[in-house]
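Colleague: Protein sequence lines, in the order shown, are assigned to chains A and B. Residues in the first sequence are numbered from 1289 upward in steps of one, following the numbering used here. Residues in the second sequence are numbered from 1289 upward in steps of one, following the numbering used here.
No wet-lab data here; the hints were simulated from the structure. Here the structure is a predicted model, which is why all the values come from computation and not from measurement. Any given hint could turn out to be false.
[Stated by the list, open to error] So, partial list: chain A residues that the calculated Cβ filter (under 10 Å) puts toward chain B: (1) Tyr1335; (2) Asn1367; (3) Val1400; (4) Leu1443; (5) Ala1450; (6) Ser1456; (7) Ala1470.
[As the list claims (entries may be wrong)] So the derived label-pair ranges between C-beta atoms look like this: (8) A/Ser1405 with B/Ser1351: 34 to 44 Å; (9) A/Asp1357 with B/Thr1296: 45 to 55 Å; (10) A/Tyr1422 with B/Ser1297: 44 to 54 Å; (11) B/Gln1384 with A/Val1380: 26 to 36 Å; (12) B/Thr1296 with A/Ser1297: 53 to 63 Å; (13) A/Ile1411 with B/Met1372: 40 to 50 Å; (14) B/Asp1475 with A/Asn1330: 57 to 67 Å; (15) A/Ile1359 with B/Glu1390: 26 to 36 Å; (16) A/Arg1313 with B/Arg1313: 11 to 21 Å; (17) B/Ser1351 with A/Asp1430: 43 to 53 Å; (18) A/Ala1322 with B/Arg1313: 17 to 27 Å; (19) A/Tyr1335 with B/Ala1366: 54 to 64 Å.
[To be verified] In silico DSS-like cross-links for lysine-lysine, where the CA-CA straight-line distance does not exceed 30 Å: (20) B/Lys1371 with B/Lys1479; (21) A/Lys1371 with B/Lys1479; (22) B/Lys1300 with B/Lys1331; (23) B/Lys1371 with A/Lys1479; (24) B/Lys1341 with A/Lys1341.
Glycine is no exception: its CB is placed at the ideal position from the N, C-alpha and C atoms.
Protein chains: 2
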Amino acid sequence: MSGVASPTSPRKRILETARDLFHERGIRAVGVDAIAAAAGSNKMTLYRHFNSKDDLIVACLRSFASDADRIWSEIESANPGDKMAQLRAWVVMAAQCVASDERGCDFANAAVELTESDHPARIVIEEFKAIQRYRLATLCRDAGIAEAELLADTLSLLVEGARASRQSVGPNGPSAGFIRSAEAVIDSFAKANAGGVTVSSM
Amino acid sequence: MSGVASPTSPRKRILETARDLFHERGIRAVGVDAIAAAAGSNKMTLYRHFNSKDDLIVACLRSFASDADRIWSEIESANPGDKMAQLRAWVVMAAQCVASDERGCDFANAAVELTESDHPARIVIEEFKAIQRYRLATLCRDAGIAEAELLADTLSLLVEGARASRQSVGPNGPSAGFIRSAEAVIDSFAKANAGGVTVSSM
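So here's chain A without its partners, still in its complex pose:
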């Protein structure tokens, strides 16, 4: 983010500035004038690159989604072939996201603010969350968990909850226990596996 001239294109500067401001202050709290000014640009240039504020919101969410793709790639390349290690690395990465960022998930936050069911951002939010859920369930299955979908959904709820809680009550609330909660849950699913029983019948 910058208010000074930089060699990046106006479109890129506006997009990066909007990402930062929406993330820090919320989507409705930030207007296009403030974004254009903070990007060292103007409203006319902003509207040349993005047809509307909604269009800019969608572009920001797609950009956040590509950050998530990069994190998945890092988890895989740091733990090649070891799916259980990748699952535990996912927990560590999620814990880092929770601890380092008081503002939570940009997609969940956008869903709170953009309540119109036909808002163009909603399909991007749903797609993003569906992809994360699919990747996590696939990882749980590949890690040998019998109840892979339930474990993936449980871990999804824990991380969504940790990011929401961090935002409501700060880092010393329930989110402080995220990593212990998530590891205890993974252990109990893996143990249920080993015992040949399902978690839901424990």
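Guided by the hints, dock chain B onto chain A, whose structure is given.
Modeller: Leaving out everything else, chain B in the frame of chain A:
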């Protein structure tokens, strides 16, 4: 909520209307003019009862908090003396909140929208969440769970996550598994108890 005359006081009508509109559409998306009009009142009357929109937001949150107090009382009176039954009733009640309301927790939503660290709503949000956490941890301890704080925090994260997820991706996302996730977690903590081992060492 009503736009027609009713025997309730103007203050109460405005408060109930604001609760409904903030809940449905979000806090920043709804202005005081819209609230006054929907309450069959006017801005001057609204400002006679509430000094500012922020004052009205705080009053709405305190009103939501008293709803939560009532739910706790219902859980206790429906399961007198049986703390484990109360804990399982809490899960059922939380699942009902998740399933019946696409808009999630008003306190978590307010935290997403009101990003200013000195906003007067933030202390109300923090107090509310701290009380819920304390009550849940006390219930887990009274139900005989050794790692009561960790179970309470895990359940808190699950319900926060379920409400956030319900809002982002609807009722068929990970929140659909909330009740199974929460019950599996309670069972594994109770089982760890019985085995004389701590969950974190499982």
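Colleague: Going back to the hint list, which numbers does this structure go against?
Modeller: 1, 2 and 8
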